[in-house]
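Peer 1: One-letter residues, chain by chain:
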Amino acid sequence: MSTVESPLPDKFTANFKEVELPLSNQEALNEANRCLYCYDAPCINACPTGIDIPSFIKKIASGNMKGSATTIMTANPVGASCSRVCPTEELCEGACVLNHSTKPILIGNLQRYATDWAIKNDQVLFKKGEPNGKKVAIVGGGPGGLSAARELALLGYDVTVYEAEKEAGGLDTFGIVSFRLPKKISLWEVEQVEQLGVTINTGVRVGKDIEFDELLKTNERVILAIGMGNVPNLNVPGETFNGVHDAIELVRSTKSSPFPTHLEGKKVVVIGAGNTAIDGATCSVRLGAENVKIIYRRTEKEMTAYDFEYEFAKQDGVEFRWLTQPIEIVGDADGNVKGLKCVKMQLGEASSDGRKRPEPVPDSEFIIECDAVVKAIGQKRHTDFIEKLGLAHHDGVILINKDSMQTSNSRVYACGDVIFGKGQGEAMVVSAAQQGKTAAYHVHESLKEMYSA
Amino acid sequence: MADLRTNLAGITSPNPFWLASAPPTNSGYQVQRAFEAGWGGAVWKTLGDPILNVSSRYAAVSFNGQRVAGFNNIELITDRPLEVNLKEIYETKKRFPEHAVVASLMVEPKQEAWHEIVKKVEAVGVDGLELNFGCPHGMAERGMGSASGQVPDLVEKQTAWAKEAAGTPVIVKLTPNITDITATAEAAVRGGADSVSMINTINSLAGVDIDTWLPIPNVSGKGAHGGYCGPAVKPIALNMVSECARSSRINVPISGMGGVSNWQNAVEFMLMGASNVQICTAAMHHGFRIIEDLVEGLSNYLDDRGILSIQDIIGKSVPTYSDWGNLDLNYNVVARINNDVCINCNKCHIACEDTSHQCIDRLQDEGGNPILRVREEDCVGCNLCSIVCPVDGAIDMIEVPHELPVMTWNDRQSLLGALKDSKITK
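Sequences listed follow chains A and U, in order. Reading the first sequence from the start, the letters are residues 1 to 453 in our numbering. Reading the second sequence from the start, the letters are residues 1 to 426 in our numbering.
These aren't lab readings, by the way, just hints derived from the structure by calculation. Note that the Cβ used here is the ideal one computed from N, Cα and C, for glycine as well. Check before you lean on any hint, since a few could be wrong.
Derived coverage of chain A by chain U (criterion: at least 3 residues anywhere in the stretch with Cβ under 8 angstroms from a Cβ of chain U; other residues may be distant) [stated by the list, open to error]:
| no. | stretch |
| --- | --- |
| 1 | 252-259 |
| 2 | 297-305 |
Facing chain U, a subset of chain A residues (Cβ under 7 angstroms, in silico) [claimed, not checked]:
| no. | residue |
| --- | --- |
| 3 | 21 |
| 4 | 30 |
| 5 | 33 |
Distance windows between CB atoms, simulated [claimed, not checked]:
| no. | chain 1 | residue 1 | chain 2 | residue 2 | range |
| --- | --- | --- | --- | --- | --- |
| 6 | A | 315 | U | 368 | 32 to 42 angstroms |
| 7 | U | 219 | A | 311 | 53 to 63 angstroms |
| 8 | A | 40 | U | 424 | 50 to 60 angstroms |
| 9 | A | 22 | U | 400 | 49 to 59 angstroms |
| 10 | U | 333 | A | 449 | 52 to 62 angstroms |
| 11 | U | 422 | A | 40 | 50 to 60 angstroms |
| 12 | A | 300 | U | 287 | 50 to 60 angstroms |
| 13 | U | 376 | A | 103 | 31 to 41 angstroms |
| 14 | U | 373 | A | 349 | 42 to 52 angstroms |
| 15 | U | 143 | A | 64 | 29 to 39 angstroms |
| 16 | U | 292 | A | 300 | 45 to 55 angstroms |
| 17 | A | 103 | U | 180 | 46 to 56 angstroms |
| 18 | U | 62 | A | 103 | 15 to 25 angstroms |
| 19 | U | 367 | A | 300 | 23 to 33 angstroms |
Same shape as in the complex, but just chain A:
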């Protein structure tokens, strides 16, 4: 392969630059000074990791940037990523008291300003705890696993993280589009954890490269933070044609150079209407697709993507086709996608989850011409793996004690997406971070009891 970059990837590089511009020093200072510095502030309570937001903002105002970044990262080991990906209007900014009188403080942007400062200035914010000789293994180096690792390292544990991918960071590194979260931010958070003496074994898949039992044998506790898998099959004919993609894989392919060129000039249909569907669609646009449509079997009202993501996709020129259900992927003689056969839907009675059930409209089939189909209808569970470990679960969602994050095996804890679903947990990065912290504290508690007895 030539080392000289072609002009096309260059063009895509610009497309994947972070969309939201950082605050300038003056903007940050003005905004920081606008913060009321509430006492027992609602924004703190609205943050799943409980960041002391008024304090970190006050510290920006006073010029104590290291203190500000430390306040953020103390509460949230992936606070730099969260400053970019948190749905702030539903969390801290939504709770800001200034919503009642003027406009909420731009908390997310200020958090980014402070953590960007720490990244730019190569700050080391934490020191590892006095070694206590106890070992903990963490399976999965995403937000949940990293948070647990960071807290345990501060408490003096000998922590090893097993990460199947070549780089740690999980969703933050591979699953969030670069124009929202550049990979280097997530990798800085990984580095912060490593600097505390945590060993991160990348490219090691537990259950394949090393047995889980081995981890249980050599560690006092194991924390499972294995997240979720790829997009499941649509279960319609034609899924094996060339040009059928998995939205998560598509996003991942844009997080390492060179950028893929297979969507350039193509007509793309994305199936699904969650945040991953939006990512699949906006990535397609930025990879040069000629036309990108999102189809969803329900309506705008039922879509699960955040409002700002929906707006963002519309700004990117993504078209939406509501009440549209794919029934077959149509291919040509060469085995390439040439269209998506759909049926019109209508909303019927509400089902047990309260949402109106979509029903096909008879004789309403039609074909959307396209060259590529991107599936974004959810994520698969690591059910087989969990089954093999003998842990109690509900369709691949590990069951835990919600206070302690303990699984049915008292020496195994779990956090992050692997416990999300079936009415349990939250899907946000910031929630995984908090769960990681909680798991770490309870691991610590349980070992303290054991050793002092």
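With the hints as your guide, set chain U onto chain A.
Peer 2: Only chain U this time, still in chain A's reference frame:
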């Protein structure tokens, strides 16, 4: 539109806004630009023997992002030849006969020096004289400015010398760098002053650069105290004006200055007895164009209240300003929080809890929403909660009705004294 014309000891101007003697009035060019913009008068930058200035000269204090909350300078009086200034004063007065042009003067404390300069400036047509007994820096080290302004006898004597030669009204500008400004104000009156003006700047060190450890401003690595002014000094200035206004021994008109930044500030100074106001820092911060809002805002204020002339508000608040011993001990206000306006920032709670009287409770209403409530029986009416509250109308200070008669500390002491006397007699 209300009549804004003012008269300070016989010096008339189209409105009460004068530029104070300072850098904005350094030259004819500047003063004429100010008059074109609408300023009512100008006190020319202090004339005397030309001096040498240093560079740099100014510094300002920012507070939470607010620039020029306070301002500090180490600039001295005019550094231009007297003849040049006199020529420009003449031209300015000729072009703007209706506007007040007052010459600020500072010379050595010698009779002949005062006579000489008074004659020179009056010869070019000034409307009045302002004796600079106030500048705290530089000139004071040479026995002028606040060095003489801090000694009542010197104030009296020099005022008298100026008056001996003066045909126009003499204003004496006082320094705030003194324990009781009425002492020097009275001395000025004894010396024959037609008016007093206050305040000059306050001794100050604007700051220390925490990276270089040098004073701010510094001149080649060294600093010296300067004079402080701007919005931060307004309460100090307002008190000094008020103290002079309510003194029966200071029966001359007052020109008020010190942090006047907008028309509301001007109203405050005039209510407390100033016949006009002088402004410098606000103009240095924003330029002469601020005069438009100053004049219009003041005019609208008077019109809204049906007040025909600015003269009608001068001193109207003076009778309400007294000594602590005359305040009614039986009067009571308490804070009341309007939960429909409150945004629940809890700043009132923590301010009261940590630093005042622990009487604001954090509770929940019937719907489980957080609310704040004042335990009125424990509230001392200190105002702190309403001061820190960021939302207008969220906290009211309510007067608590009572049937007790007015009882001041002074009343109380004299009653106790009478009681003691009667016991002794028994």
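Peer 1: Each hint should be assessed against the structure and marked as holding or not.
Peer 2: Hint-by-hint comparison with the structure:
no.	hint	result
1	252-259	violated (count 0)
2	297-305	violated (count 0)
3	21	violated, 21 angstroms
4	30	holds, 6 angstroms
5	33	holds, 4 angstroms
6	A:315 - U:368: 32 to 42 angstroms	holds, 39 angstroms
7	U:219 - A:311: 53 to 63 angstroms	holds, 56 angstroms
8	A:40 - U:424: 50 to 60 angstroms	holds, 58 angstroms
9	A:22 - U:400: 49 to 59 angstroms	holds, 53 angstroms
10	U:333 - A:449: 52 to 62 angstroms	holds, 56 angstroms
11	U:422 - A:40: 50 to 60 angstroms	holds, 56 angstroms
12	A:300 - U:287: 50 to 60 angstroms	holds, 52 angstroms
13	U:376 - A:103: 31 to 41 angstroms	holds, 34 angstroms
14	U:373 - A:349: 42 to 52 angstroms	holds, 48 angstroms
15	U:143 - A:64: 29 to 39 angstroms	violated, 46 angstroms
16	U:292 - A:300: 45 to 55 angstroms	holds, 51 angstroms
17	A:103 - U:180: 46 to 56 angstroms	holds, 48 angstroms
18	U:62 - A:103: 15 to 25 angstroms	holds, 23 angstroms
19	U:367 - A:300: 23 to 33 angstroms	holds, 32 angstroms
Going through the hint list in order, the structure does not satisfy hints 1, 2, 3, 15.
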